[in-house]
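Please model the complete structure; the sequences and the hints are all you need to start from.
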Amino acid sequence: MFTTHVVRQRLILAVLGLVLLAAGGLGLAAVWSGLGEGAGLGRAQIGNSLPVDQQYLLPLGLALGIAGIVLSLAVLITAIPRRPSAHKFRYESGTEGVSEIETSVIAKAVETAAQTQPEIVDANVRIGGNATEPVLYARFTLRADAPANRGIDLVNERVIPDLEMVLGVPFASKHVSFSFQKPEKQDSQKTVLI
Amino acid sequence: MNRFWHVRSARTLVLMISFAILLAASILLALSCILRLASGQWPAAAEQSIKTVSGLHLNDNLAVIAMVVLAVLGLLLLLSALIPGRRQSILLNSDDPATGSEQAISCRGISTLVGYEVERTDSVTGASVSTSPSLVHVKVQTPAHSVQRVRENAQARAQRVIDGLPLQRAPKIKVSVQRRGGN
Numbered sequence: 001m002f003t004t005h006v007v008r009q010r011l012i013l014a015v016l017g018l019v020l021l022a023a024g025g026l027g028l029a030a031v032w033s034g035l036g037e038g039a040g041l042g043r044a045q046i047g048n049s050l051p052v053d054q055q056y057l058l059p060l061g062l063a064l065g066i067a068g069i070v071l072s073l074a075v076l077i078t079a080i081p082r083r084p085s086a087h088k089f090r091y092e093s094g095t096e097g098v099s100e101i102e103t104s105v106i107a108k109a110v111e112t113a114a115q116t117q118p119e120i121v122d123a124n125v126r127i128g129g130n131a132t133e134p135v136l137y138a139r140f141t142l143r144a145d146a147p148a149n150r151g152i153d154l155v156n157e158r159v160i161p162d163l164e165m166v167l168g169v170p171f172a173s174k175h176v177s178f179s180f181q182k183p184e185k186q187d188s189q190k191t192v193l194i
Numbered sequence: 001m002n003r004f005w006h007v008r009s010a011r012t013l014v015l016m017i018s019f020a021i022l023l024a025a026s027i028l029l030a031l032s033c034i035l036r037l038a039s040g041q042w043p044a045a046a047e048q049s050i051k052t053v054s055g056l057h058l059n060d061n062l063a064v065i066a067m068v069v070l071a072v073l074g075l076l077l078l079l080s081a082l083i084p085g086r087r088q089s090i091l092l093n094s095d096d097p098a099t100g101s102e103q104a105i106s107c108r109g110i111s112t113l114v115g116y117e118v119e120r121t122d123s124v125t126g127a128s129v130s131t132s133p134s135l136v137h138v139k140v141q142t143p144a145h146s147v148q149r150v151r152e153n154a155q156a157r158a159q160r161v162i163d164g165l166p167l168q169r170a171p172k173i174k175v176s177v178q179r180r181g182g183n
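The listed protein sequences derive, respectively, from chains A and B.
Numbering-wise (our numbering), the first sequence opens with residue 1 and increments by one.
Numbering-wise (our numbering), the second sequence opens with residue 1 and increments by one.
Keep in mind that the hints were calculated from the coordinates and are not lab data.
Treat the hints with care, as some may be off.
Computed cross-link-like contacts, SDA-like style, restricted to lysine to any residue with a CA-CA straight-line distance of at most 25 Å [what the hints assert, rightly or not]:
id	chain 1	residue 1	chain 2	residue 2
1	A	Lys182	B	Lys172
2	B	Lys174	B	Gln141
3	A	Lys182	B	Arg87
Right, here's the structure in full:
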């Protein structure tokens, strides 16, 4: 269960693609159109601006290198898929004082409880948001040999309402995914006719 | 409501490969400059590269090849950013963005479910299933001579599975049968 930033990552890719395309395209256009050839600029040396040991080459290279490192690291670190972060919900009451709940503990309890149901093979639950507007992220793997509807109804009518009861508020948003897993042993009630 | 499961690919792998290459190039560049500052001369590889670039002409083959490579890479990156790509899940009837409820079944899960059912069909010795939001493609292996009957049975079973799921938009089913084994 991982989250990625689709729009941001695609935007970065588009910008990088445009920069490379523009650099390559403009260079090729200059070659093919014979840009400046008549004016004596044909076969211009790329290296004219990059002579060895000129003073500006070193600071420019260093600046570009460091900027490239910082930019690349920033993009790479933010692009690493992450699990929705677990939270500590804080409840304040005039009569009972302040209490805190680790959502990861509740999520773990829900996973364990869900797996005791015959229709559910595996459960992966995270609770995000805050105490007044919790957000559910969950993936349930159902048995392929059990009716799919029964497993889905079980999650929607028992597992999630129970979780909302524990938290004391309904989820502000629920993100639930279902998958299926084959049983280890296939039944042999079929014939192979040749 | 921002969706969590029913999303298109974020192109994370492409992005990471591109920026890992950029990072490597930047480290090499910065390191060469630092070594130049520290020792007073460029490292051998850097000096060779600078000499090559210094002597390069815009019309030289090497420069043209480099520009073509840059343009093609840029085009590929741009296309990968702009082409939406498939979602890897199908929404359920119970999905309701208005109430903040996202509910989906993964395409892989549907493949598993359909594959399990089709493999239980008579005369089917194996089945592989690939699922997209619009199509479930079932490849069936059978030793039977009557391929048509096996196809019909497999199609009927797969259709029953899909019809039994509370999907907002059911994918079509395509069954192809491969005869393997038997006489």
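(request) Tell me, in ascending order, the numbers of any earlier hints that this structure violates. (result) Nothing - there is no hint that the structure violates, so all of them hold.
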